Amino acid sequence: MRITSANAFETSLASLQRRQSQLGMLQQQMTSGKRVLRASDDPAAAAVAERAMAAKARAEAHMRSLDASRTSMQLTESTLGDSGELLQQARELLVSAGDGSYSDSDRAKIADQLRGLRNDLLTLANRTDGAGRYLFGGQGSATPPLRDSAAGVVYDGSAGQLNTTTGEISPLSTDGRATWLQAPDPSAPGSTVSVFDALDTAVKGLLTTGQTGAQIGQLVATGIGQIGAAQDNLSSWRARAGQALTRADAIEGRLSQAKIDTEAERSGAVDLDMVAAISDYQNQQTGYDAALKTYSMVQRMSLFDYLK
Amino acid sequence: MAAANLVTVGLKAMAASYAGLQTTGHNIANASVAGYSRQQAELATAKPEYSGSGYFGRGVDVTTVSRAHDEFLTREAASAQSLSAMDGARLNQLKKLENVFQPGAGGLGDAVTGLFGALVDLSTRPADLATRQVVLGRAGDLASRFSNAAATFDDIQSNVNGALQAQVADVNRLAQAVASANQRITAAQAAGQPPNDLLDERDRLIGELSGKVQTTRIAGTDGSISVFIGGGLRLVSGASAQPLQWVADSADPQRSAVVLKDSSGTTPLEGDSLGGGSIAGLLRFQNHDLVDGRNLVGQLAAAIGGAVNAQQLRGISLQQPLGSAATGPLFQMGSPQALPRSTNATSGTGAPLGSVALSISDPTALRASDYDLRESPSSPGSWQLTRLSDGVVTTVNSGDVVDGVQIDIVNAQPGDRFLLKPVGPAASGMARLLDDPLDLAAASALTATTPSSNAGTAVVTGLTLTASPLPFPGTSDTLSFAALVPPVGGNDFTYTSSLTGVSTPWHAGQPVVGGNGYSLTLTGVPANGDVLNVDPTPANALSSSNGNANAMLALRDAALANGHTATDAWSQALANVGVRVQSAQSAAEISSGVATQTEESRSAQSGVNLDEEASRLIQYQQSYQAAAKVLQVAQSIFDTLLQAAGR
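Line order of the protein sequences matches chains A and B. Counting from 1, one number per residue, gives the positions in the first sequence under the working numbering. Counting from 309, one number per residue, gives the positions in the second sequence under the working numbering.
No lab work stands behind these hints, which were simulated from the structure alone. In this text the structure is predicted, and so the values were computed from the model without any measurement. Any given hint could be a false lead.
Here are the simulated lysine-lysine pairs, DSSO-like style, with alpha carbons at most 30 Å apart [unchecked claim]: (1) A/K34 - B/K404; (2) B/K355 - B/K404; (3) B/K403 - A/K34; (4) A/K34 - A/K259; (5) B/K355 - B/K937; (6) B/K320 - B/K937; (7) A/K56 - B/K403; (8) A/K109 - A/K204; (9) B/K320 - A/K56; (10) A/K204 - A/K56; (11) A/K293 - A/K259.
Given these sequences and hints, build the entire structure.
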């Protein structure tokens with residue numbers, strides 16, 4: 001085949017440029033650490049990476065909401081633990097009030113202590129999670145959910161609980177009415193006992209003067225029974241919070257595994273294998289070098305050089 | 309035999325050698341000129357002279373100067389160049405389009421993920437103003453990325469328009485030049501010898517023309533060449549050229565079209581029938597790739613924006629007075645467009661008589677496509693809708709809903725035709741409408757509770773509003789469950805709404821659809837006689853309620869875009885455009901390889917090799933010297949003769 005001079009120049013120039021652009025592309029990949037910079041570099045891998053990135057971002061967001069749920073449940077658990085202790089104290093006080101040798105004024109003192117415990121409990125029941133949400137606000141309450149009223153403590157929140165999503169449903173709050181005001185009454189199946197009503201009734205009873213020993217005995221027995229029911233109820237809600245915490249640990253395990261997996265998936269799809277890239281680059285460099293050398297040698301040759 | 313004959317032989321030989329030297333010199337001078345064909349002085353032995361002792365040669369004649377030219381290879385090279393230019397032009401534009409479909413952190417998908425991430429936080433802390441502000445920020449980011457994408461599409465379109473205008477001007481200039489070359493060639497040819505350099509020039513012009521639009525050529529007997537484009541449209545005939553004209557597309561005035569103007573009027577050039585050339589590449593990109601790209605992004609914008617807006621309007625904001633429904637949607641999107649053809653019937657003032665109004669009824673059913681609406685050719689008076697992405701044809705009447713869009717046809721005239729763009733404009737000017745974080749409707753309008761008297765284990769884990777506004781605003785609904793013994797059709801309960809009195813068969817795992825525009829998800833199983841109360845969310849609970857935030861968040865996993873989640877739809881769009889660029893890239897590589905090869909074959913035949921010319925130079929130099937020697941000998945013979953005669 002005839003080679004024409006102008007075309008020979010064009011062709012070798014074009015192949016030099018091609019080599020140069022390949023080198024440039026490899027260099028871009030190496031500096032960015034990515035094999036896929038544009039979707040067209042590997043459309044399937046780009047789509048895989050895009051889904052993996054979304055999945056990773058989802059796991060991260062879920063971990064944030066899991067933290068919120070966990071904080072709330074930890075506080076709930078410890079609050080209910082504290083409340084249980086306060087109720088135990090109340091129970092012991094009430095037992096001591098049954099002592100036949102006590103006078104009305106002794107019982108009044110105990111009533112005073114009981115009232116203090118009751119108010120402490122109300123404070124605990126209206127605790128927040130530190131971010132303004134009431135632990136026992138149920139499905140939401142803008143004000144302290146358990147409120148003193150003429151008819152005793154009433155519930156201002158909305159029954160039920162708030163949930164957030166962490167891939168599964170995680171609680172953000174606890175139903176304050178069921179926890180504090182609706183302990184199943186063991187003495188009257190089907191009816192319920194309010195922690196505060198029980199204490200209020202006991203306080204009122206102890207403050208009544210001139211009661212017989214039998215009346216006091218009855219008062220103490222009823223009070224202890226009701227406080228016991230409230231204690232059982234609080235423990236069962238405390239156990240639920242503990243359960244939620246255990247579940248949170250399991251969810252966290254799954255989420256962090258998902259984070260690792262999705263990151264690995266993304267990286268596998270679009271990141272650059274640096275070792276392979278470096279060896280590729282050196283290969284290309286050698287090729288470019290050889291191309292330059294042959295170009296300079298071939299293009300230097302001309303018959304005119306020999307016609308002197 | 310006269311000595312004069314020898315002088316003639318020597319002179320002719322010198323002239324022939326000189327002609328050889330001159331063409332060689334011309335070749336060397338033009339070695340780098342594009343399209344130049346190597347020339348050669350053609351020599352022939354002169355007619356001999358008869359004498360009694362035989363024929364004596366009378367030397368050599370220069371018959372003509374020919375060019376090394378192969379018609380077939382020249383055509384081949386031009387048509388390969390044509391394909392290569394088409395693929396190259398399309399690839400260049402596709403690369404710009406690909407910038408919109410950016411993977412990773414700068415892309416649209418990332419903005420979608422960002423918004424849903426912020427909604428997770430809103431679900432956790434619905435009352436927190438900072439969290440609400442972040443949601444607004446992410447929503448604004450999403451909207452501006454969409455509107456930037458739309459602006460990039462507009463930029464690309466106006467670039468295409470500009471490029472096509474320039475190409476059309478180039479074609480007209482080249483066609484004119486071919487016509488005038490024709491004229492000069494015809495005149496020169498009449499003198500009897502081929503005007504080689506002019507022929508080269510014309511070939512080069514036609515080659516350049518083929519880079520813009522694929523040509524076919526037919527040679528005339530007078531030496532002129534007629535050039536045809538687009539499967540038989542005459543662009544150049546003899547000494548006259550028909551102009552191409554850039555016009556706005558009759559279906560969509562934003563787009564470009566190219567027409568050929570001749571005595572009979574204008575003929576539009578369809579991108580698909582042009583065969584090759586950069587104009588074909590640009591038109592193909594504009595009419596397919598750019599439209600698809602716009603629709604892919606538009607579908608996402610309309611689906612995400614539409615679904616989030618609908619959910620926002622179902623919720624309760626934190627604005628005072630507490631408890632009123634959200635006042636406004638979160639996003640503004642570009643409205644669907646229905647463009648009348650420029651050929652539609654018009655009134656006296658030139659305004660089209662008929663019109664089509666589009667409204668989106670279900671954003672999640674939208675398709676990434678334009679539609680062609682025209683009177684059915686088979687049954688006049690009824691309308692035929694063609695989905696342009698896949699060619700599916702449906703018959704529609706005014707008011708019908710197709711692919712989530714309601715189509716209202718008003719006063720359309722026979723023969724009218726419309727281009728419908730339900731999603732194409734959606735991303736244009738997409739913006740966040742809400743500025744006050746309190747306006748975000750995180751709270752649910754309704755709250756479901758289970759009374760403690762329930763004996764079963766059923767608990768409400770999710771409440772979604774399905775209607776806006778509510779059928780019975782401010783009203784409570786109680787659902788009472790009754791066991792079905794024995795179960796009927798797999799259902800073992802019925803539930804009855806106190807509001808509507810409607811009883812619905814049910815089994816565990818199914819959603820419970822109540823009488824006040826809501827749907828509940830239950831876990832556990834109710835007992836016979838259990839009830840669920842669904843009440844308007846009390847004012848005190850509104851600031852902590854996250855029901856609507858959870859519902860917005862659920863859109864993340866919902867089939868928003870015609871059966872796919874937003875993330876999936878985006879990934880698919882990304883891959884779709886990536887594959888286009890990738891295949892356009894390999895098409896361009898292949899066709900440019902073919903173009904290089906055919907150009908190599910053409911130039912192997914026609915081009916100048918300097919080594920060859922160097923050896924010719926020596927060859928002709930030597931023959932010139934030899935011829936001069938002949939002349940010298942002839943002269944010395946004369947001298948001898950004269951001396952002898954002079955004695």
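Each hint tested on the structure:
The suggested pairing of A/K34 with B/K404 holds, with an alpha-carbon distance near 20 Å, which does not exceed 30 Å. Distance restraint check for B/K355 and B/K404: the Cα-Cα separation of roughly 69 Å exceeds the 30 Å cut-off, and the hinted pair is therefore not satisfied. Under the criterion of a C-alpha separation no larger than 30 Å, the hint pairing B/K403 with A/K34 is consistent with the structure, at around 19 Å. Only pairs whose Cα atoms come within 30 Å are accepted, and A/K34 paired with A/K259 is accepted, the gap being roughly 20 Å.
Taking the CA atoms of B/K355 and B/K937, the gap is about 22 Å. The hint holds against a cut of 30 Å. Taken as a hint, the B/K320 and B/K937 pair is honoured in the structure, with Cα atoms around 13 Å apart against an allowance of 30 Å. For a cut-off of 30 Å, the pair hint linking A/K56 to B/K403 stands: about 29 Å separates their Cα positions. Restraint check for A/K109 and A/K204: the C-alpha separation of about 12 Å stays at or below 30 Å, so the hint holds.
The hinted pair formed by B/K320 and A/K56 fails the criterion: a straight-line CA distance of about 89 Å is larger than 30 Å. Of the pairs offered as hints, the one joining A/K204 and A/K56 is violated, with about 59 Å between alpha carbons and a cut-off of 30 Å exceeded. With a CA separation close to 51 Å, the supplied pair A/K293 and A/K259 exceeds the 30 Å bound.
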